[in-house]
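Each chain, letter by letter, is given below.
2 protein chains.
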Amino acid sequence: MRLNLLSAVALTAAIAVSSVAAAADALPSWKDGKAKQAIVQFVKQVTTKGGSKFVPLAERIAVFDNDGTLWGEQPMYFQAAFVLDRVKALAPKYPEWKEKEPFKSALAGDLKGVAAGGEKGLLELVAATHADTTSEEFEKAVKDWLAAAKHPRFNRPYTDLVYQPMLELLAFLRANGFKTYIVSGGGVEFIRAFSEKVYGVPPEQVVGSSIKVKYELRDGKPVIARLPEIDFIDDKAGKPVGIQKFIGRRPLMAFGNSDGDFEMLEWTTSGPGPRFGLLVHHDDAVREWAYDRESHVGRLKRGLDEGPQRGWVIASMKSDWRRVFPFDK
Amino acid sequence: MRLNLLSAVALTAAIAVSSVAAAADALPSWKDGKAKQAIVQFVKQVTTKGGSKFVPLAERIAVFDNDGTLWGEQPMYFQAAFVLDRVKALAPKYPEWKEKEPFKSALAGDLKGVAAGGEKGLLELVAATHADTTSEEFEKAVKDWLAAAKHPRFNRPYTDLVYQPMLELLAFLRANGFKTYIVSGGGVEFIRAFSEKVYGVPPEQVVGSSIKVKYELRDGKPVIARLPEIDFIDDKAGKPVGIQKFIGRRPLMAFGNSDGDFEMLEWTTSGPGPRFGLLVHHDDAVREWAYDRESHVGRLKRGLDEGPQRGWVIASMKSDWRRVFPFDK
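Taken in sequence, the protein lines are chains R and B. Just so we're aligned, residue 1 is where the first sequence starts under my numbering, counting upward by one. Just so we're aligned, residue 1001 is where the second sequence starts under my numbering, counting upward by one.
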């Protein structure tokens, strides 16, 4: 009996050691440095049974921004590229768009012209390209677009432009009992169309901006009809609201890249007990892009200024990531 | 090698047989009858690898109404009892309520008087009892109430009035890889305060009606403030909408008890592939209550008329359930 007990202890210790080793190996695209160490150490602490910082399985929630955190967002949000392409695809049905803003600018690929129409113009574009379909039709439209469209710089499908280190991080957290959520300013149904396949995040773990929908029968067949009206904007202070609405529990870890994620990291890391916040810093113009304080897309100023004193990790794309995209060598 | 392979096959077969047996035993409070058979057979079909009706893990979503399906709803919705008690608890802070409807009626426990105030009065009650708190304060208020309040007929905590057969069903489905969701007309944060402990359903798997919330800093501390404004009503045609918003995927199985669940079952069972719908019929005045077509609470008319021809199972509380509540012998 005594010997068996000792063997069991030795075996458990061996498993524990190998599991830490496995943890380190689970993030091969993260260079050994402060960011990777902070992630691995935090996960080890909250998953060590009997440790002072142990967190039960049910409370292991990690939230990830999407644009600029899990995939690229330059030269424009990928969903904006979808909108422009969809305006072109729908244009034959709406000949009046040729002369009518914001469609005229959208058809010309003129983002400045679109922006000149302000919020009203953007809402018209969203209504025209995201509504007037059922949920199933919209899902198909997004999937068809993702299968056909190519990113202008890399000449690859947009879903190739996901960050390899973040894919590894998602898998590492799930292997440690975390539920991984996307909490994005982007459209929830746009992201759901690819999140499971690309990130391993199922539709029910995607929180995002949304338009209103309505249940109705069409020729006796039930459908979810998408309406031309904004329901919820999941950005900035809307992110903690989205987290409360959809998850109903404060996350343990939050990952973002812009000041649109500030409140999400603030809400997450101000909870009691161990909490973790990380911002991806786009400082790699060679492999990806370099932008922060002055950028229109993914502006990161307050996070850089206040993040470190709040204990948030600033991960440098240039120095912390061995690879950026899965197709990088 | 050959022998080993045969042993492995024999072992697998033994596991398969014992797992079917385990399935039958997992629902001891369901009498052997059509309802139980239909449940067990459906779950067996969708979980049998290689079978024509096999459904991958990720798509195994089961949705449950709460009031009247997972716990009682007589003599009034339990959340209504919370509202009346909370009006009494808050009344000292609002002396004007003594003379002001709907509070005057609520303080007198006069539901007819409350109802006379119509929707406007109800919204005032919801605002007074559910808003003007943070999410954490509200959760505490519900938990404190559940710990103290007693059901008038059974003189037990309301959370004792959950249905034992449905607890077994939730566990049985989860053991078979299902994600179990609550989709309720009741308040989402009210249900979240006890769903994990009582049903094993975590907060992120509760969909319900909601008021608006706002993220803000109070004395530098982030809070989710609850606002006196309805955000979403998750009832009738709102249930498929809630399912789309929060889950983003059509469920495989749906369980309800009233015509408020009709559209949820319709949406669920009109999907492609195998689908399952079940309505709990309250026909047991001795152990619980008997009500259906004419009831104000939990009215069930259309479901009884159209359910069977749609292939929905009508489960009789009286004949299909061996026990109703966990405290029944």
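Bear in mind the hints are in silico, worked out from the structure with no lab data behind them. Among the hints, a few may not be true.
Rough simulated footprint, nothing fancy, chain B against chain R, three-plus residues with beta-carbon under 8 angstroms [stated by the list, open to error]:
hint, region
1, 91–102
2, 243–252
3, 264–272
None of the values given here were measured: they were computed from a predicted structure. Don't be surprised by glycine CBs; every beta carbon is placed ideally from N, CA and C.
Checked hints:
Counting residues of the region 91–102 of chain R whose beta carbon lies closer than 8 angstroms to any beta carbon of chain B gives 0, which falls below the threshold of three, so the coverage claim is violated. Given a C-beta distance limit of less than 8 angstroms, the hint that chain B covers the region 243–252 of chain R holds, as 6 residues qualify and 3 suffice. Counting residues of the region 264–272 of chain R whose beta carbon lies closer than 8 angstroms to any beta carbon of chain B gives 3, which meets the minimum of three for the stated coverage.
In terms of the numbered hints stated before, the structure departs from hint 1 and from no other.
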